[in-house]
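Let the hints inform the model, and build the full structure from the sequences given.
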Amino acid sequence: MRKVLFTLHKYAGLVLGLLLSLIGLTGSLLVFDHALDERLAPHTVSFGPSDTPASYAQVLAAARTAVPGNPAPTRLMTPRQPGSPYVVRFPGPEGAPGPIEVSVSPTDAEVLAVRGWGTPAYTMTWLYRLHYTLLSGNTGKTVVGLMGLLLMVFCITGAVLWWPKKSRSGGRRWGKAFRISRSGNRFRFYFDVHRVFGIYFLPLLLVTSFSGVTLVFPQQVRAVISAVFPTEPLAALPGSHTDSGQPISPDRAARIAQAKFPSGELKRIYLPRDGADSYGISFRAAGEVWQNYGASFARVDQYSGEVLMVEDVTAIPTGNKILRWQFPLHNGDALGLVGRWLVLLTGLVPGLLFATGAYLWWKKRRLRRAGQRSVARRGWKGGPGEPHSVSG
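Number 202 in our numbering belongs to position 206 of the sequence shown; there are no gaps in the numbering.
For the record, the hints were derived by calculation from the structure and aren't laboratory data. None of these values were measured; they are calculated from a predicted model. Take the hints with a grain of salt, since some may be wrong.
[To be verified] Using 20 Å as the maximum straight-line C-alpha spacing, the simulated EDC-like pairs for lysine to aspartate or glutamate come out as follows:
hint, residue 1, residue 2
1, K161, D188
2, K263, D29
3, K360, D188
4, K263, E90
5, K359, E228
6, K263, D329
7, K317, E261
8, K256, E302
9, K256, E307
10, K360, D329
11, K263, D247
12, K263, E307
13, K317, E307
14, K263, D308
15, K317, D188
16, K6, D247
17, K256, D329
18, K317, D329
19, K263, D33
20, K172, D188
[As the list claims (entries may be wrong)] Estimated spans, in silico, between C-beta atoms of each pair:
hint, residue 1, residue 2, range
21, L230, A173, 42 to 48 Å
22, Q77, R182, 43 to 49 Å
23, V334, R248, 37 to 43 Å
24, H237, T48, 45 to 51 Å
25, R76, Q54, 52 to 58 Å
26, L363, V11, 17 to 23 Å
27, A231, L12, 34 to 40 Å
28, L230, P38, 38 to 44 Å
29, K317, A92, 31 to 37 Å
30, E302, L12, 49 to 55 Å
Virtual Cβ for every residue (Gly too), placed ideally from N, Cα, C.
Here's what the structure looks like:
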């Protein structure tokens, strides 16, 4: 059994390890995607406080006039930190890789940038497309999900192969299994690096791969989670009453929703898509451990301001909590700054394991060929007790 797992681990790694390395590397770069984006595009960052910051309505109006055709916005994302802009999202043109995003200053509603999501000019979102879909739409997204499942298989087979064998005395050399030897040759060093880094990062690799699979195959994972933990089905999002007169402003909708989460931090406003839709306001509620993710929300009637639905992520069944945790676990936000750095390092590990594994395979193959050539030469020249030619 161990030999079968070794063969599976080795050849699957050699064939698909480079693709896993690419997915891991891009994931590492995305851990601090917004901070890197502001470095790459400093013109999107506004500085200086204001006594009268712009209202949501002013921000949306300014963003709308900056987009050709004056389309209706679909969502507004609040600044992630002081100095960061509001980001207003609009539907992208036909054939575009993603929506249009407009960065707007929170102090005076000045439009700072208009960018197409997923384009090379919008570097971090292009990397997001590469990480999530391999730039190949739904087909690439499915491949990435399957790579996540494969990484979980690598973790399991790697753990089995790492498990120390019994010595002649009946014990296991646990200390050696967690240590990189510096006294051996280069082959031994790379072997220890491959084994030790793999086992130390095993829990994080399992978490990031499972959370990635959840993001790609949410329905399938939900079915699995529901079989083990109590889980409520997804509720249909309520619509607004279409005969109630003039729509309320997004600022009023936000104030109404805020009353349901008085200590919550507003993260996003999902705008009504049509006359029958409602406002969706997401919050990072009190008790949520992540910083940049709002998993709690309220739905508000766009005409009457009636609160149609409220979901506090701290008070939902265990299965639903597990599902809601997957995105902030995947990018490390669930564990704060330390978690983000851990996920960043974890994303580099598949590349390290592929490089060391490929070296070990190449070295053993080279030694095996050298041995075969040596045997062939001895057979031709005739060794002790051997014929003078291979054919005899």
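Item to complete: List in ascending order the numbers of the hints, as given earlier, that are violated by the structure.
Response: 4, 5, 10, 15, 16, 17, 24, 25
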